Amino acid sequence: MMQHQEQKLKEVLARIFNVQPEMITDDASPDTIENWDSLRHMNLVLALEEEFGVEFTDDQVVEILSYKLIKIVFKEHGVEFVQ
Amino acid sequence: MTDTAGVGILGTGRYIPEKTLSNELIEKQCGLEPGSILAKTGIKRRHIAEDHETASSMSVECGRQALKAANIEPEQIGLIICCTFTGDYVYPALACKVQELIGAKNAGSFDLMANCTSFQVGLTVASDRMKCDPTIGYALVIGVALQSRYIDWSDPESAIYFSDGAGAAVLGPVPAGYGVLASDLFTNSRVFEAVRLRGGGSSHPMRPENISAGLQYYEMNGMEVWKQVMQFQPKAIKRVLAKIDKTTDDVDFFIFHQANQNLIHFLMGRMKQPLEKTLINVDEIGNTADASLAVALHDAVVAQKIKRDDLVVITGVGAGFTFGAAAIRWY
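So the protein sequences, as listed, match chains W and X. This note's numbering numbers the first residue of the first sequence as 1 and each following residue consecutively. This note's numbering numbers the first residue of the second sequence as 84 and each following residue consecutively.
Since the hints were made in silico from the structure, they are not lab data. Because the structure is a prediction, the values reported are computed rather than measured. For every residue, glycine included, the Cβ atom is placed at its ideal position computed from N, Cα and C. Do not take every clue at face value.
[Said to hold, decoys possible] For lysine-lysine, the following DSBU-like pairs were computed, each having C-alpha atoms within a straight-line distance of at most 30 Å:
{"#": "1", "chain 1": "X", "residue 1": "K310", "chain 2": "W", "residue 2": "K75"}
{"#": "2", "chain 1": "X", "residue 1": "K388", "chain 2": "X", "residue 2": "K329"}
{"#": "3", "chain 1": "X", "residue 1": "K123", "chain 2": "X", "residue 2": "K151"}
{"#": "4", "chain 1": "X", "residue 1": "K355", "chain 2": "W", "residue 2": "K68"}
{"#": "5", "chain 1": "X", "residue 1": "K123", "chain 2": "X", "residue 2": "K355"}
{"#": "6", "chain 1": "X", "residue 1": "K188", "chain 2": "X", "residue 2": "K214"}
{"#": "7", "chain 1": "W", "residue 1": "K68", "chain 2": "X", "residue 2": "K123"}
{"#": "8", "chain 1": "W", "residue 1": "K10", "chain 2": "X", "residue 2": "K355"}
[Said to hold, decoys possible] To list a few chain W residues with every Cβ distance to chain X over 12 Å, as calculated:
{"#": "9", "residue": "M23"}
{"#": "10", "residue": "D27"}
{"#": "11", "residue": "P30"}
{"#": "12", "residue": "T32"}
{"#": "13", "residue": "R40"}
{"#": "14", "residue": "E55"}
{"#": "15", "residue": "F56"}
{"#": "16", "residue": "E76"}
{"#": "17", "residue": "E80"}
[Said to hold, decoys possible] Pairwise CB distance ranges, derived in the manner of DEER restraints:
{"#": "18", "chain 1": "W", "residue 1": "D59", "chain 2": "X", "residue 2": "E116", "range": "28 to 36 Å"}
{"#": "19", "chain 1": "X", "residue 1": "R391", "chain 2": "W", "residue 2": "E11", "range": "45 to 53 Å"}
{"#": "20", "chain 1": "X", "residue 1": "D332", "chain 2": "W", "residue 2": "E6", "range": "33 to 41 Å"}
{"#": "21", "chain 1": "X", "residue 1": "G297", "chain 2": "W", "residue 2": "D31", "range": "27 to 35 Å"}
{"#": "22", "chain 1": "W", "residue 1": "E6", "chain 2": "X", "residue 2": "S285", "range": "54 to 62 Å"}
{"#": "23", "chain 1": "W", "residue 1": "G78", "chain 2": "X", "residue 2": "E133", "range": "57 to 65 Å"}
{"#": "24", "chain 1": "W", "residue 1": "H4", "chain 2": "X", "residue 2": "K321", "range": "28 to 36 Å"}
{"#": "25", "chain 1": "W", "residue 1": "G78", "chain 2": "X", "residue 2": "T218", "range": "55 to 63 Å"}
{"#": "26", "chain 1": "X", "residue 1": "E133", "chain 2": "W", "residue 2": "Q5", "range": "23 to 31 Å"}
So here's chain W without its partners, still in its complex pose (with noise of 0.2 Å):
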């Protein structure tokens, strides 16, 4: 379920920002993909709430700018990954 729940994440961030899954590492941030600007980081905030049902707070929409601070906000909402 937890491997599960990493893949979604990487699919859903690979989906937003058009590149390859294997590109969404654990350092990815918009210092290493291009794509990750401000008006995909806006549609990746919508994906991830409605992908994992979760509702960020206003101050977590402008943290979530890392792969890693992502997962550190999704588990402040119940759902775990693999560590």
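Chain X: place on chain W using the hints.
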């Protein structure tokens, strides 16, 4: 008007210059990929004042429209607020010139600067003043931006967004329970420098060395803007609705500052509200800054998207950064 009566919007107007600048031209001047402006902002074109058009001329045009729509004579206006940072002069206030040009001889007049939030703040100040002093009778609130003269058209951070324009609203007495029900304003000055126009300020007067340094142009950190909007605009809406014990689901119509079509889609999506409950005109006229909320409100009224008894939220975000929202029960 009794002290229990409301203050509502009785008429609106707008003025947008006819001259346009195309995306193709801006993309060429800024070295951007063809089609990138539309994809990033949803903006198709921007409207630019001709040399003969001024902040005062645009204000007068939309102000007269609003007076006509409200069926109010200029002499009945007791207060004029021009919401702007691009008045004809640094001083006197633009509102004073507007008073003279429209013949509102009984009005007190001043300018208000809260950048793209300013029309919402102007509505709030006017309605508060009118509730404190019913002898004011009617107020004319104008949002106007003549910003094309402060844009470096080769700077993609600002050139892709901004337009000139003006919008106006006449406020007057309405029955209790209608009109402006609550307002909220807060500021996050930690990002004071993120969007700025330094030239002409007292720290950077219009002297040759400052002009040579390009300080007469807008400077904008676009990335910081969207972070501010994403984080704080929903808070502004929630704060004003909390004051009247309502939620976003109770709102019939939202008027947003028209900065970026994608941002408005995002905000409505986050609030889980259908796009039918808002109006978008930034695609057609660009970001008209101080005028934006007023023009969007006018367009919504003209399109009959707002009707009596609707709960309307007008919300803006502007440099500073200022965040504001007003909840209005439409009369």
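Is the nearest Cβ of chain X still more than 12 Å from the Cβ of W/P30? 9 Å, violated
Taking the minimum C-beta separation from W/E80 to chain X, is that value above 12 Å? Given a closest Cβ separation of 24 Å, the condition holds.
* W/T32 clear of chain X by more than 12 Å, beta carbon to beta carbon? -> Its Cβ never comes within 12 Å of chain X, the nearest being 16 Å, so this holds.
Check: Is it true that the CA of X/K355 sits at most 30 Å from the CA of W/K68?
Finding: 27 Å, holds
Worksheet item: Is it true that the CA of X/K123 sits at most 30 Å from the CA of X/K151?
Response: 38 Å, violated
Exercise. Do the Cβ positions of W/G78 and X/T218 conform to the proposed distance bound of 55 to 63 Å?
Worked result: 58 Å, holds
Review point. So the hint says 45 to 53 Å: do the beta-carbon atoms of X/R391 and W/E11 match that?
Key: Distance hint for X/R391, W/E11 holds at roughly 48 Å.
Is the Cβ of W/R40 farther than 12 Å from every Cβ of chain X?
10 Å, violated
Hinted pair, alpha-carbon criterion (30 Å max): W/K10, X/K355. Please report holds or violated.
25 Å, holds
Check: When you look at the beta carbon of W/F56, is every beta carbon of chain X farther off than 12 Å?
Finding: 8 Å, violated
Range first: 23 to 31 Å. Now tell me if the beta carbons of X/E133 and W/Q5 are that far apart.
58 Å, violated
_Is the claim that W/M23 lies outside the interface with chain X correct, judged by CB distances over 12 Å?_
At about 21 Å from chain X, W/M23 clears the 12 Å cut-off, so the statement holds.
The earlier numbered hints that this structure contradicts are 3, 11, 13, 14, 15, 26.
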